Amino acid sequence: MKIIFLIPPSPDKKKIIRWIDCSQETKASYLWQPNDYIIISSLLKPKDDLCFVDGTADSFSETMFFEAIGRLSGNMLFFAMSTVCWKSDLYFFQKTKKIFPDIPVFVIGDIVMEKYYRALILNESNGLVTHPYLLDLEKMSKVTGIGNNTLPGVCTALEQEVFPKSKNTTFIEGNTPRHEIFLKHGYCFPFAKHFKFSQVTTMWGCPFSCSYCPDSKIAPTVRHYEGVLSELEYLSKLGVKELFFADKVFGFPEKNSVPLLEKMSERFNFSWSCYFHPQLYNPRLLELMNSAGCHTIIIGIDTYNLSSLKQYKRVVRREKIEGVIAHANRLGMNICGDFILGLENETETDILNTIKYAMELSIDYASFNIAAPCPGSIIREEAIKKGCQVTDMEGFDSLGDYGCLSNKYIDGKRLKKLRSKAVRSFYFRPLYLLRRLRKTSSLEHLHIQFNNMLALLNKSR
33 MKIIFLIPPS
43 PDKKKIIRWI
53 DCSQETKASY
63 LWQPNDYIII
73 SSLLKPKDDL
83 CFVDGTADSF
93 SETMFFEAIG
103 RLSGNMLFFA
113 MSTVCWKSDL
123 YFFQKTKKIF
133 PDIPVFVIGD
143 IVMEKYYRAL
153 ILNESNGLVT
163 HPYLLDLEKM
173 SKVTGIGNNT
183 LPGVCTALEQ
193 EVFPKSKNTT
203 FIEGNTPRHE
213 IFLKHGYCFP
223 FAKHFKFSQV
233 TTMWGCPFSC
243 SYCPDSKIAP
253 TVRHYEGVLS
263 ELEYLSKLGV
273 KELFFADKVF
283 GFPEKNSVPL
293 LEKMSERFNF
303 SWSCYFHPQL
313 YNPRLLELMN
323 SAGCHTIIIG
333 IDTYNLSSLK
343 QYKRVVRREK
353 IEGVIAHANR
363 LGMNICGDFI
373 LGLENETETD
383 ILNTIKYAME
393 LSIDYASFNI
403 AAPCPGSIIR
413 EEAIKKGCQV
423 TDMEGFDSLG
433 DYGCLSNKYI
443 DGKRLKKLRS
453 KAVRSFYFRP
463 LYLLRRLRKT
473 SSLEHLHIQF
483 NNMLALLNKS
493 R
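According to our numbering, the sequence shown is numbered sequentially starting from 33.
Everything labelled a hint here was simulated from the structure, so no lab data went into it. All values derive from a computational prediction rather than experimental measurement. Hints should not be assumed to be uniformly reliable.
Claimed, not checked - Within a straight-line C-alpha distance of at most 25 Å, the following computed SDA-like cross-link-like pairs (lysine to any residue) qualify:
| id | residue 1 | residue 2 |
| --- | --- | --- |
| 1 | LYS228 | LYS174 |
| 2 | LYS388 | LYS228 |
| 3 | LYS287 | LEU154 |
| 4 | LYS147 | GLN192 |
| 5 | LYS130 | LEU152 |
| 6 | LYS388 | LYS417 |
| 7 | LYS174 | LEU154 |
Could you put the whole structure together from the sequences, leaning on the hints where they help?
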């Protein structure tokens, strides 16, 4: 069997990420690897073949993209699409289908989160991937016709339940992905110390229920740590030194994470980053992460007014946030704080307080995100109820390049200006710049940091 993975070029060569649970333009010059494709590649048998073209990572023009895929052949095709650049992706998808009229075509991306987009794409494809770990590739490759197919991990009918309502955790063994396919120069991670990096997933989905995040709909699937260790062994042989654990929250469940970290400390010397939920913090876990090579954690702080998050089912205590930050600083780790600007009941004063709080915390990076109506989020559901036009157009994301929704108190244009103010206020501080220089470990690390800094400031003008 021969499978084709495709990612189309992005408008104006923007760095757009297309994942099932997340689609966005990146806020600097970085670009994550296609995590769902990496997972699907782990399902292939040794004799199976894989072709991969990423028009975004390779900065292809339309002509270059179609020349590249015109030389391919296969038994099945996966095509990644995003609501952020919906019209452009739809154009490339429809033109691609004409090149491969005789093989099953499956779509992957955040469009699966919304019925409107599912209705359009189900008429033109054999299904939308909902869970990459559940796919039966052999069965999918033999599908004929559109609809009326029952495929695990795939939505094939409009009324089909996309994500089960149960949030029970599933444990799987998990095989090693074909990481060598995804080692493209176009991928770069903003917190990495090395340009060459790979993404590893120990958990897909999320155990938390923050309703402004699409992952609140996806029950966690956890890989047994022994399978992850085999994957790390493979990456070590490939000469990869830098990792990004692409879990939405690393460290869950602790009974699986602790033995993984202990074995990593004994057997490997990776440098890595991850997302980390403050509520999972305990001193032993953080110290094990640090011993295993974790140099940067990304934590959701969201807002200074933490009590306002209760309406979104987000539970986080200030002492947990400040405790993990203080401990990480003692260990010499880097901290990136994620902040959301413009949640429904926030005033401009609330946002200014959040910006001030970000500057008071001893953190190394701050990611300021505009509250966006992402598919699958409560923000989008509420926007649609209000009659806001958020479909069949270039979509919204947390950068705000394609548009910002107004909230109850602040106009969308003002929100974007406040985000730019936040970026300038946080990063243009002499003491902050000195902190970053002190924590820069090599010329390669400095190069990565400098490139992302320039792009961040350019996108925040």
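Hints, one by one, checked against the model:
Proposed proximity of LYS228 and LYS174 is contradicted: the alpha carbons are some 36 Å apart, above 25 Å. A distance of roughly 35 Å separates the Cα atoms of LYS388 and LYS228; the hinted pair therefore is violated under the 25 Å criterion. The suggested pairing of LYS287 with LEU154 is violated, with an alpha-carbon distance near 40 Å, which exceeds 25 Å. The hinted pair formed by LYS147 and GLN192 meets the criterion: a straight-line CA distance of about 10 Å does not exceed 25 Å.
For a cut-off of 25 Å, the pair hint linking LYS130 to LEU152 stands: about 17 Å separates their Cα positions. Distance check on the hinted pair: LYS388 and LYS417 sit about 33 Å apart at the alpha-carbon level, beyond 25 Å; violated. Note on LYS174 and LEU154: the hinted pairing holds, with a Cα-Cα distance of about 17 Å set against a maximum of 25 Å.
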